[in-house]
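Peer 1: As they're listed, the protein sequences go chains A and B. Every letter in the first sequence is one number past the one before it in this note's numbering, and letter 250, counting from 1, is 250. Every letter in the second sequence is one number past the one before it in this note's numbering, and letter 33, counting from 1, is 286.
Treat the hints loosely; a few may be bogus.
[Claimed, not checked] Which stretches of chain B does chain A cover? Using the computed rule of at least three CB atoms under 8 Å from a CB of chain A, they are: (1) 329-343; (2) 482-494; (3) 515-528.
I should point out that these hints are in silico values taken from the structure, not numbers from a laboratory. All values reported here derive from a predicted model rather than from experimental measurement. All C-beta atoms in this analysis are idealised placements derived from N, C-alpha and C, irrespective of residue type, glycine included.
Residue-level listing of the chains:
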Amino acid sequence: MIRIEGLSFVRNKEILKNIDLNIRERELTIMIGPNGAGKTTLLKIISGIIRDYKGKVSIQGKNIKDLSRRELAKLISFQPQSEEFLLPISVRDILLAGRYPYKKYFSDYDKNDLDIYEKCLEKFDIANIVSRDINTLSSGERRRVLIASAYIQDVPLLLFDEPFANLDPEGVMDLKNIFAELKKEGKTILVVSHNLEPLYQLTDNLISLREGNILYSGERSSTAEVLKKTFNMDFERIEHNDKEIFIPYEKQD
Amino acid sequence: MIRRYLFHMKSRTKYLIISGFGLLVILIIPFLGIIDLDISKLFSNDPDSFIFWQLRFPRTIMAFLVGSSLALGGLIFQNIFKNSLATPYTLGVSSGAAAGTVAALKLNLVMSIFGINLVYIAGFAGGILSILLILGISRITKSYSVYTILMSGVAINFFFSAFILLLQYMVDITQTVSILRWLMGSISTSGYKDIIIILPMWIFFVVTAVFLNKELVLISGGENFASTRGLNVKKFRILLFIIVSLITGIIVSITGPIGFVGLIVPHISRQFIKDDFRFLVIVTVIFGGILLALADLLARTLIPPVEIPVGIITSFFGAPFFLFILITSLRKKI
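The following block holds chain B by itself, in its conformation from the complex (with noise of 0.2 Å):
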């Protein structure tokens, strides 16, 4: 009923609906956990105060940036390669940016040039890693096809999985634990600090995203379409495989690989708009950080004090939700 309702709305208010509706989700967010917190005490030298401030609200904002982004990371690949299935998880630049970046943590490559961390840039580099392994599967075979670029995927996915258990055996046992937690994927922030890497590029990465709509829709158009619009599409794809891969390099690098949230977001912000670009990448990127500071929320308050990895929360719900719209889009084809 809700559905039918929104679809006989204009794709502006829809958005500007979605939009109060996810900033009240983040605002409710942080006041929800193990301990109730006494709202009158919020801006006193109270405990908590600093459960508020400088864990629950970070932390909130973190699994935002980070929800959105993956989001639109996997709405961009999904436009780029035409294909619902297509997103950095599945094409493995997550696994490149995770190989990269267990790598840096093996070879102790754990300080900063010009204020950038190492880790951070061989996250970036394993994503590109990804990405150059599947243009050059595509090229030799000049095959853009789904297949060829998924099953690419497959395979650089079990390359990168074997390339980390492989680093992770060589480590002692304590550093083993630690990176096993991080792959799991989970938003456990202290304070800003990670807040204050992310949301520049954040910034930078969804307003390009939008400034960037008409390209974007020429894209997943396919090739012919696109080129014959006036758009030079094979700069374009490598200046969204860069950005993409940058910020999914980042992200990977500070809470590990979080699956499901690139594929599915994007789904269900195409139920709701369908009939304008440019709305589609803001409802993606509310929903992708909705859905993640939700998944968050349930993390840390399912299974009290045990905190689960929030990857592992994603993946348990995402996939049968995937599943079950692949079997309803299946179903309906025929």
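Same shape as in the complex, but just chain A (with noise of 0.2 Å):
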């Protein structure tokens, strides 16, 4: 699904250091490495925001250097950190939005977007909040637009930098059946969490990302050492009702 080949990155240090990385189709895969280490900046270049970068990046064998932001767009969606809306914007706008790749200019949506739209708002259950403010939402209510916004676009692969930041427990058990069912639909989803608990379950594979360099990317068998390493601390790891749960305890000499 995607293929990363010397993938270096600099403004002003080195931040990507020759990445090589294969993100396999239909997985959940997992992002964790300390602040700083590159993993924003890894998504930002896969979605196609960064562009001078040096390597190659190729989603379904496609180069995305070669595809215009319209082609990519119906390929991948990214969901940042934090999306910052300064101007009064309605989640219909916001939503609806999401739908662009597949318009012209000139062109209004059509049924067919208004179709896709509905059902989007029955699946995330938000058709009560469209003609609100995106500002004036919970961060919960706030992160499903979002997420909704990522999902109506219809894309194979998404992309995830830190969803489950300042959700509350309800927040954070509410997007994990959302992304169970993302999954269960076939897409492609590559989350960078410093959480893993919520997704644990849900996840194939594990990338581990250090100071511009890949530590581990394969199957997540062997979490409790990636993450020792990853982060340079200890980690225990805990059953309870068949999860599995990876807890700091001291940081190494």
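Taking the hints as your guide, dock the two standalone chains into a single complex.
Peer 2: Now the structure itself:
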């Protein structure tokens, strides 16, 4: 699905150092790493926001540099950690913006777009807030709307940067169910998260990034080891009700 | 109470009511003035007919076209810069256009090339120059923050004001008076000459803005939001800058700079239309037109027989209103 070869990126300092990476189709991959490791930069490169990198990034065999923004937006959606809307903007307008890649200049959203939009409202249970300004929503509602806006884009590949940040337990549970459903639908999902717990059961692969290098990329079997290397701390693995939780307990010397 | 009721209606209904209201206001305004008109004489060879058809009617239409263009320019700039304080007036596009126009007048460039008056071209060039300066500063500082852009706008405004003063100082005293009067901003038209120039531009501007509503929504969500949904932000931004500077340049060269319409009207419109940007564009056009037509009505009736330049009216009422909005929105945040 995503193939990255010899990717380097420099801005003031070397942020990504000659990275090779493969992300398989229909799988959920979690990317971990300390702050400043280059995780967000990597997402921004894959989603076409940053273009002045060295190396090659391909999605479904196509080099993303050869794709127009519109073509890329039909393959991939990216949900940054915080999307800032400084002007009042309605949930309706944000959602319909997800249909933009399929539209030409001067054409309005048609019945097909509106059908998808209606389905999306139902699926994410947000029909009652469509007229509201996104800035007046709770953080749970806001996240739900933004994920719905990624979903409405109807792409095979979804990228998320810290989707669980600032959510209360109810919001976390909610989001977890949404991810389960996205995975069931066959979406390829790449999530950057410090919090492994909510998605761990759904996770197929783990990527660890540290100081611009890939420390680990593969199945999630040796997670405690990977965490230890990544964060330079020991982690204890606890099993509870068929769930695995990793708790940091002591910094290594 | 009215506001609460309006919020519960769908945008489409609100938009229809506002359009009807706008049409009504525009139809009534030409009948109002210092001299009472006899409606029965409007279609006869009478001074009343002349006052109505040659003075008040074209003037009201002109005020509507100018007001709606300024308001729409404001809405577009607010969306591009994601800030409700960013308008062609606050960012110095209007003062750039004014400087261009005054320079053209000073150099006596009152001639036309291919039917386009050079004064308009000079106004457009001045507006574009302001935009290029702001973009240049943003590029050098690598910051598109509100602070950078607004501060650049303040500096550009000061610079062009000084330039205009310098030119005024250099011209003779009769020209100084006419430039000064023009700088205050007024809609004193003679017949339909200016309307014929502005109308095609206005139609182009409004139609473009309505059709580009999707892109305007995307760009208001920021560069990442827009580009990950397939919009080429850089190209689109340049396209909008050119269109808005063109319209602002031509309007300023005809009426002089008229402030606060572009700032206040989109703000009011957003209070009414919250959920559908397409209607917001149209309602902004209507409100902008009505506001300036009403301001112009005040300008010509407030202290008869003196006619106050409409720019003074808009600033006089606009500035306190703007402060009111600012204070209430800040108080809400606390």
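Peer 1: Hint by hint, say whether it matches the structure.
Peer 2: Here is how each hint holds up against the structure:
Beta-carbon proximity to chain A at under 8 Å applies to 5 residues in the segment 329-343 of chain B; the threshold of 3 is reached and the given coverage holds. With 4 residues having a beta carbon nearer than 8 Å to a beta carbon of chain A, the segment 482-494 of chain B meets the requirement of three or more and the stated coverage holds. Three residues within the 8 Å Cβ limit are the bar, and the segment 515-528 of chain B against chain A gives 3, so the coverage statement holds.
Going through the hint list in order, the structure satisfies each hint without exception.
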